[in-house]
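Enquirer: Here the protein sequences come in this chain order: X and R. Here our numbering is used: position 47 in the first sequence is 47, and no number is missing along the way. Here our numbering is used: position 151 in the second sequence is 611, and no number is missing along the way.
Simulated from the structure, these hints should not be mistaken for lab results. Each residue gets a CB set at the ideal place from its N, CA and C atoms; glycine is no exception. Don't take every hint at face value.
[Stated by the list, open to error] Far from chain X by the CB rule (all over 10 angstroms, computed), these chain R residues: (1) 533; (2) 585; (3) 593; (4) 629; (5) 657; (6) 704; (7) 733.
[To be verified] Some but not every residue of chain R turned toward chain X, in silico, with C-beta under 8 angstroms: (8) 609; (9) 630; (10) 735.
Chain by chain, the residues run as shown.
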Amino acid sequence: MKRTVFMIALLIILTSVTVIFAQGQVAVETTPTGPVTIDFWTTETQSDRMATIQVLIDTFSALNPDITVNLVPVDENDLVVQAQTAYATKSLPALFEAPAETAVSFGTQGISDIATTTKLIEKIGKDRFYSGPLKVLETTGKGSYYALPYHGWIQGIWYRSDWFEAAGLEPPTTWDNILKAAKYFYKPEQNQYGILVGTLPEAYTEQCFTPIAMSNGAALFDASKHLVFNSPKMKEAIEFYAELAKYNPPGPQTWRARDYYMQGKMAMFFYSTYIMDDLALQEAAMGSLTGDNFKDLVGADFNPDLVNNTGVASIVTNTSSAGYGTVVALGLFKQDDPAKTAAAQKFLEYLFTPNAYITFLHMAPGGMNPMLKEIATNTRFQNDPTGTFKRYGKEKMAEIINGLENIETFSIVGGNRIEAASEITAKQILPQMLYKVTQENMNVTDAMAWAEAEMKKLIK
Amino acid sequence: MRKSNNRQAQQNQQMFVVSNLSTRSLREQRFGWALVFPSVFVILALILYPVIYNIYLSFFEFKLTGGNIFVGLKNYIGVLTDSEFLVALRFTLMYVVFSTAGTTLLGLGVALVMNKKFFLRGLVRSLILLPYVAPVISVVFSWQFIFDPVNGIFMDIFHEKLGLFAERFSLIGSPQTAIWVAILFGIWKNFPFTYLMILSRLQAIDETLYEAAEVDGANGWQKFKSITLPELYFVISALVLLRVIWNFNKFEEVYLLTSNVKVLSVYTYLKAFTGTMNLGQGATLAVLQFVILVGFILFYVKKVLKW
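Sequences are here, hints too, so could you generate the full structure?
Expert: And the structure:
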C-alpha cells in the first residue's frame, strides 16, 4: 500500500519535472506553417483606441487564420522598464509601437530585429516614406533602420488668441513673448494660470523643454559625439524653463493639466497636435450637454468658441528657431522562433496597406499623421470622421505634416544620429533634472552636475 | 544441545526483528521525505531562492543583457553614503510610526463604539469595512481629485470658502506635505482591518469580569484600563507588528497616490527600474530593508510579545 503511494508520489514529481524541462523544447519544434501567436505592445492605451486596433487585428486574423495577434497596452513611460524585464524573462513581444527615441534605444541595446526591419522598409519602398522621419530611425552606419516610422505629431504652444488680442499681447513665438504672456495671465487669486510646462519626471516634461533648449542653441552632443550638455546655453534654457514653471498651476504638473485650459483657467500650454481632436470632441460634447438637457448642471461652462479662439505657435524662437515633434515607430524585437518574426512582418505589411493605415490614423486626426507621402494626399484620409481637416483646413494640415520633415531632436546633430542621446531621452534624465530644479528647489548648477553624471553613466 | 539450539534460534529471531524494524523505519523515513518533498521544493524555489538571489545580486553590478561584475561592498557603500537613502529612511520611519499608530488607535476606538448596541449596528459595522475592501486604484483617483489644487474640493473649502490658506497649493505635490496625505490615506484605508480584529476579541471578553468590577465599584475608565486593555494586549501587539511589517514594505498606496514620496520601497523601485536603472543598488536597498525589518521583528517579539 505504502509502496504504491510512494510510487504515485514519485511519478507525479517526475512527470511535473519532465513537463517543466520539456517546455523549453516545444517552442523550437514549432514549424513555421502551423498556427502562431504574437504579442503586439501598443502605446495607445486608451480603450477607444485599443478597440480600433482590435478591429484591424480581427480583420487581419480573418485573412490570416493561422496568425493570432494579442494586443497588449503598455504606457509610454513604462516601455523601457517593461522591455528590460521582458528581455530578462525571454518574453519580448514580436511587435512594438514606441516613440522613435525609445525604438532607437532598443536597437542600440541589440534587442531589435534590425535586419528584418530594413528588409521590410525596402519592400514597402524607401521612396514612399517621408525622408525626415526615416532619418530619425536610421542606424549610424547608414542604410539600416531600427524601426518603421508609422505616425507622428508636432508640438506647439496652444494659446487663447482672444485673451492675447484683448490684452494686446504678441503670439507666444519668442522667449520674451512667452514669458510676458505667462506673467500677465498668471492670476492665482482668480484661479487662473499663465502657462503649462511639464515639471513631473515624465516624457512630457522633456517634450516641453526640448524646443526651449534648441531655440537657445543648447544641445546634448556636438557633431563629433562629445557630450556638451553642461554649457552656459543649456543653463540659460533651464533657468528660463524654471522661470516659466512659476506661472504653472500649483504643484508638479504633466499633460493632464490641459483640462484647466478647457475650463478657461489657463492661457497657454505646450501640447501636441493631438489636442486638435480633443478640441473637436469638446465641441461634440457641448452639443449633447447643453443647458436645455441639464438645467441643474453646474461646473465649468462649455465654451463653444474655444476651438476658434485657440491659436497655435509651433516654432519657438530665441537665438535660433526650433520646432518639436515625435515620430512614433513600429518595431520588431528579436525572436527565437522565426515563425513569429514572419507573422509579425506579415501583420506590419498589412498595417501599411491604405485602408488599415487610414483607419489607424483616424483614431486621432491631427495627432496621428502619416509617414507615407501618398497617404497624406489620399482623399479618404482627408475626410476624417471628426471633421478636423475641414475645421483647420487642408493647408494647415499639410503644414503640420510637412513639419514632420524638419523634426529636430537632441539625437540628430548635423544630420548624424547619436544613439546615446536617444538613450538619455529613454531614461528620462532631463525630466528628472527639471523636477529637481522646479519642485525640489535644487539649484541649477547642482542639478546639471547630477544630470551630467547620470548621462556619463550611460555613455561609458 | 537442544537448549543451545533453542537459544540460537531465539537470538536469530530477535536479530531478524531488529533488522526488519530498522529497514521498516528507514523506509517510513524515506516515505516521509517523499511526502514533504513537494512542499519543501516549492518553498525553496519560491521563497528562499529569490531572497538568496537578491542578496547575491547586491554584491554585483547587474546587467540585464548578461555579464554581471562582482563589486564587493561597493553597492552597500554607495547606498549608505547616499543622502537620498537617509531621506527615504526618514520618510519610511515617519510613515510607519504615524500610520501604524493612527490605524491602531482609530481601529480601537471604532471597535469600542461598535461593541455597544445601537440601532442598525449590523449595517454600520459592515459599511466601515468599505475603505479596506475598495480597490486601491479607484480610491486613489478620488483622493487625487479631492486634493487637486485647481478643481479639488479640499482647496475649494479651505481656501475659497473658509480662507484658511492664503493661496492654492498642491497638497499631494510637495513631498513635505504629500507624506501626510499618504499617512492619512493609509490610516483611512487600513483601520477597518484593525477594527475587525479588535472587535472580535472584544466580543470574546467574559461579561462576568465587568460585572465583578462593577460590584467592586470600578468606573468606566478603570474597567477599560484593568480589563479591556489587558485582554486586548496580545491582539493589539500582534496587529501592531503586522501593520509595521506591511507598512514598512508598503508600495502601491504611496506610489499611486503621491509618486514623489520616496519611502524605501518606492526609492528602491525608482533606483532599480527608472533612469539609469541600477539593479545592483536596488537589490542592496532591498537587503537593507530586509535586515532592518528582521531586526525590528526579533526585538519586538522578544520585548513586546514576550515569546
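Enquirer: Against each hint, give a clear statement of whether it holds in the structure.
Expert: Status of the hints after comparison with the structure:
{"no.": "1", "hint": "533", "result": "holds (20 angstroms)"}
{"no.": "2", "hint": "585", "result": "holds (35 angstroms)"}
{"no.": "3", "hint": "593", "result": "holds (25 angstroms)"}
{"no.": "4", "hint": "629", "result": "violated (5 angstroms)"}
{"no.": "5", "hint": "657", "result": "holds (36 angstroms)"}
{"no.": "6", "hint": "704", "result": "holds (29 angstroms)"}
{"no.": "7", "hint": "733", "result": "violated (5 angstroms)"}
{"no.": "8", "hint": "609", "result": "holds (4 angstroms)"}
{"no.": "9", "hint": "630", "result": "holds (2 angstroms)"}
{"no.": "10", "hint": "735", "result": "holds (5 angstroms)"}
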